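Q: For the record, the sequence lines run as chains A and B.
Residues 30 to 152 (the working numbering) are what the first sequence spells out, left to right.
Residues 314 to 466 (the working numbering) are what the second sequence spells out, left to right.
I should point out that these hints are in silico values taken from the structure, not numbers from a laboratory.
All values reported here derive from a predicted model rather than from experimental measurement.
Where hints are given, some of them may not hold.
In silico DSBU-like cross-links for lysine-lysine, where the CA-CA straight-line distance does not exceed 35 angstroms [to be verified]: (1) B/422 with A/45; (2) A/136 with B/422; (3) A/98 with B/464; (4) B/364 with A/127; (5) A/45 with B/364; (6) A/136 with B/348.
Simulated DEER-style distance windows between Cβ atoms [said to hold, decoys possible]: (7) A/140 with B/360: 46 to 52 angstroms; (8) A/53 with B/389: 25 to 31 angstroms; (9) A/98 with B/361: 19 to 25 angstroms.
Glycine included, every Cβ here is placed at the ideal spot set by N, Cα and C.
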Amino acid sequence: MGKTVLIVDDSNTMRKIVSRALRQAGIDFSTILEAGDGQEALEVLGSNNVDVVLSDINMPNMNGLEFLKAKAEDAAIKDIPVVMISTETGADIIDEAKSYGAKGAIKKPFTPDLINETLGALL
Amino acid sequence: MEYAQDIIDSTQDIFSSMIMLDVTPGEPFLRNDDKLVNSISGIIGLAGNTKGMLAIHMTNEAALAVTAAFLGMEVEEIDEDVRDAIGELANMLAGSIKSILDPGGSDIKLSMPSAIYGEDYTVDCLAGAHSVTVPFTFDGLGFMVELQLRKES
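Only chain A is shown next, with the shape it has when bound in the complex (with noise of 0.2 angstroms):
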């Protein structure tokens, strides 16, 4: 059966090129949900069943940190692994966002390859 993912990114050009990525990628995703910040995301976990979260972290309202660190404390969502996929790859921001839950992070710019082998591990 298909997985639902959901991304995460407040540049609609970047949703775009990661939702092709992902079809690219060679993992069977049935679903691609979009939000375009942490609270939209929050509400889309809220009423869709999600496999995994892809987030980016720069974005205005709610920014990634700040979504993982809501989305830690909400029961139902919480376990829903979450990978950073933003410019932001330094070695302190990735280590505070697998402090707040963060199962991986990949780098912009990506290949497909490089997806498949992040969320496959997940998956």
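Model the placement of chain B on the given structure of chain A, informed by the hints.
A: Same frame as chain A, now just chain B:
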């Protein structure tokens, strides 16, 4: 010129992996405050121990071609998709340069991307900053990547 090769490596990597475009670098130069004509600029501010900005300046024709390749669809005018795509390119370039300047990731903060465009405008140089601009070409079209840095003492 310092950081010119880093700009070339980062730009070629991003264009080849994300847009499937091979871009050819030209000779790095100091851009000063030259006017930009019928162009769009994606800009990221840098703050922290090192201040400055990373900008990508594209002619309208180049921006339309890059956005079309980015999104896999025809684009006919400088619209929200083009502004978003060029801002995101600046974002990825700034992230790549930041990883060289600040491997830990906590000394330099990046702003959200912004895009400006028009028939005739300038992007001024930061006072006291080290500046380098690298021109690139692809398919007969051109763009520039500019880095301005001022290290705080």
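Q: Determine for every hint whether it applies to the structure shown.
A: Do the hints match the structure? See the list:
For the proposed pair residue 422 of chain B and residue 45 of chain A, the alpha carbon gap of about 26 angstroms is at most 35 angstroms, so the pair holds. Between the alpha carbons of residue 136 of chain A and residue 422 of chain B the distance comes to roughly 17 angstroms, so the proposed pair stays at or under 35 angstroms and holds. With a CA separation close to 33 angstroms, the supplied pair residue 98 of chain A and residue 464 of chain B stays within the 35 angstroms bound. Pair hint residue 364 of chain B plus residue 127 of chain A holds up; C-alpha atoms about 28 angstroms apart against a cutoff of 35 angstroms.
This hinted pair checks out: residue 45 of chain A and residue 364 of chain B have alpha carbons roughly 31 angstroms apart, not beyond 35 angstroms. Only pairs whose Cα atoms come within 35 angstroms are accepted, and residue 136 of chain A paired with residue 348 of chain B is accepted, the gap being roughly 34 angstroms. For the pair residue 140 of chain A and residue 360 of chain B, the beta carbons lie near 30 angstroms from each other, so the given range of 46 to 52 angstroms is not met. As the Cβ distance of residue 53 of chain A to residue 389 of chain B is approximately 26 angstroms, the hint placing it in 25 to 31 angstroms holds.
Remark: the range hint 19 to 25 angstroms for residue 98 of chain A to residue 361 of chain B is upheld by a beta-carbon distance near 23 angstroms.
Going down the numbered hints, you'll see the structure goes against just number 7.
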